[in-house]
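Colleague: Fit chain W to the given chain C structure using the hints.
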Amino acid sequence: MKKNNLIILFSLLLFKLSAVADIALPKIENLQETKYYFANVDSFANYTFYVKKNANDKTYRIKQSSAFLLKDNSKIGEEQIEVWAVRNSDKQKSNTFVLKRVKPAIEHGGTTAHIAIMLSFDKKNNLNYKQVVMKPECYKRNYIVPIIPFTFTPTNSLLLLVSIISMLILFSLAIYKPVFRRMKYA
Amino acid sequence: MLKYLALTIAIEIPIYFLFDRNKIAYSTFVLILANCFTWPIVNILFHNTNIHLLILESGVTIVEAIIINIFLQDKFSKSLLISFIQNSITTFIGIWINNIQL
Numbered sequence: 001m002k003k004n005n006l007i008i009l010f011s012l013l014l015f016k017l018s019a020v021a022d023i024a025l026p027k028i029e030n031l032q033e034t035k036y037y038f039a040n041v042d043s044f045a046n047y048t049f050y051v052k053k054n055a056n057d058k059t060y061r062i063k064q065s066s067a068f069l070l071k072d073n074s075k076i077g078e079e080q081i082e083v084w085a086v087r088n089s090d091k092q093k094s095n096t097f098v099l100k101r102v103k104p105a106i107e108h109g110g111t112t113a114h115i116a117i118m119l120s121f122d123k124k125n126n127l128n129y130k131q132v133v134m135k136p137e138c139y140k141r142n143y144i145v146p147i148i149p150f151t152f153t154p155t156n157s158l159l160l161l162v163s164i165i166s167m168l169i170l171f172s173l174a175i176y177k178p179v180f181r182r183m184k185y186a
Numbered sequence: 001m002l003k004y005l006a007l008t009i010a011i012e013i014p015i016y017f018l019f020d021r022n023k024i025a026y027s028t029f030v031l032i033l034a035n036c037f038t039w040p041i042v043n044i045l046f047h048n049t050n051i052h053l054l055i056l057e058s059g060v061t062i063v064e065a066i067i068i069n070i071f072l073q074d075k076f077s078k079s080l081l082i083s084f085i086q087n088s089i090t091t092f093i094g095i096w097i098n099n100i101q102l
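From first to last, the protein sequence lines stand for chains C and W.
Numbering follows the numbering used here, in which position 128 of the first sequence is assigned residue number 128; successive positions increment by one, without gaps.
Numbering follows the numbering used here, in which position 32 of the second sequence is assigned residue number 32; successive positions increment by one, without gaps.
Derived from the structure by calculation, the hints contain no laboratory data.
Built from N, CA and C at the ideal position, the CB exists for glycine as well.
Please note that a few of the clues may not be correct.
Claimed, not checked - With beta-carbon atoms standing in for the labels, derived distance ranges:
1) W/3 to C/55: 39 to 45 Å
2) W/10 to C/168: 31 to 37 Å
3) W/59 to C/177: 20 to 26 Å
4) W/3 to C/52: 34 to 40 Å
5) W/17 to C/91: 15 to 21 Å
Unchecked claim - In silico DMTMM-like pairs for lysine to aspartate or glutamate, Cα to Cα no more than 25 Å straight-line:
6) C/177 to W/74
7) C/177 to W/20
8) C/135 to C/42
9) W/3 to C/90
Chain C with its partners taken away, still in its complex shape:
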């Protein structure tokens, strides 16, 4: 009787082990190098958009047609970018969405998928986006990856011009000031 029990127990154990062995390991997702382009940033003058890259932990202020490349980076795990907006009037931060590398597809063409992100806001002011796969004639143009998180709007440019002109006049004054003093004491 005891022998029978042992056989049943052994059979059950064997069944359990084989059942576990049959469960497939989680499949490693094969993802493609992906370049994201922000296509319509200029359409939202009231907002400033930011991107945070987890690869270097840096935050960039994005401008029209900024591009971010996501590569296979096993050191940090899955490379991704976080995108959010800040309303200029009250500095209120929107929701954040995350962009990761995409699965390979025929329409992506070569080794890198080029995807345009079309930003939008819904009625509740939530930041949304749509992805559009770009054609080679679109993405082969030179796009800018922001290094300095700065956008020179026309107002900023005017202010900078005022500042530069004032600085130049001050420098000129500083150079000629000793001459004036000499003339005064002569």
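Modeller: Using the frame of chain C, we list chain W on its own:
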């Protein structure tokens, strides 16, 4: 936007003349240039970066003190005092007018 620059100049120049009333035209000219140099940079940095306003204003105070020292005053400590008082007043008026949260 430039009205705030005009307001800043209108406040800072009389404060300067509380300390020194020599060469009024020249002093006014230098102070206008000093403000036209620093004010745009502060505003660009304030609206485009996360640098705290008081840090930016500290920088402005030092730069304006240097300008006052080069063109108008002989003692740097006096220049710094004048610049500090000028910028403290304009900063807090700016915070009050624009409801800026520090």
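Colleague: Give a verdict on every hint.
Modeller: Each hint, compared with the structure:
For the pair residue 3 of chain W and residue 55 of chain C, the beta carbons lie near 44 Å from each other, so the given range of 39 to 45 Å is met. Restraint check, residue 10 of chain W to residue 168 of chain C: a C-beta distance of roughly 24 Å breaks the suggested window 31 to 37 Å. Hint check: residue 59 of chain W to residue 177 of chain C, Cβ distance near 24 Å, so the stated range 20 to 26 Å holds. Checked against the hint of 34 to 40 Å, the C-beta distance between residue 3 of chain W and residue 52 of chain C comes to roughly 36 Å, which is consistent with it.
At roughly 37 Å, the beta carbons of residue 17 of chain W and residue 91 of chain C sit outside the given window of 15 to 21 Å. A C-alpha spacing of about 14 Å is found between residue 177 of chain C and residue 74 of chain W, which places the hinted pair at or below 25 Å, so the restraint holds. A C-alpha spacing of about 19 Å is found between residue 177 of chain C and residue 20 of chain W, which places the hinted pair at or below 25 Å, so the restraint holds. Between residue 135 of chain C and residue 42 of chain C, the direct Cα distance comes to roughly 21 Å. Compliance with the 25 Å bound is thereby established for this hinted pair.
A distance of roughly 21 Å separates the Cα atoms of residue 3 of chain W and residue 90 of chain C; the hinted pair therefore holds under the 25 Å criterion.
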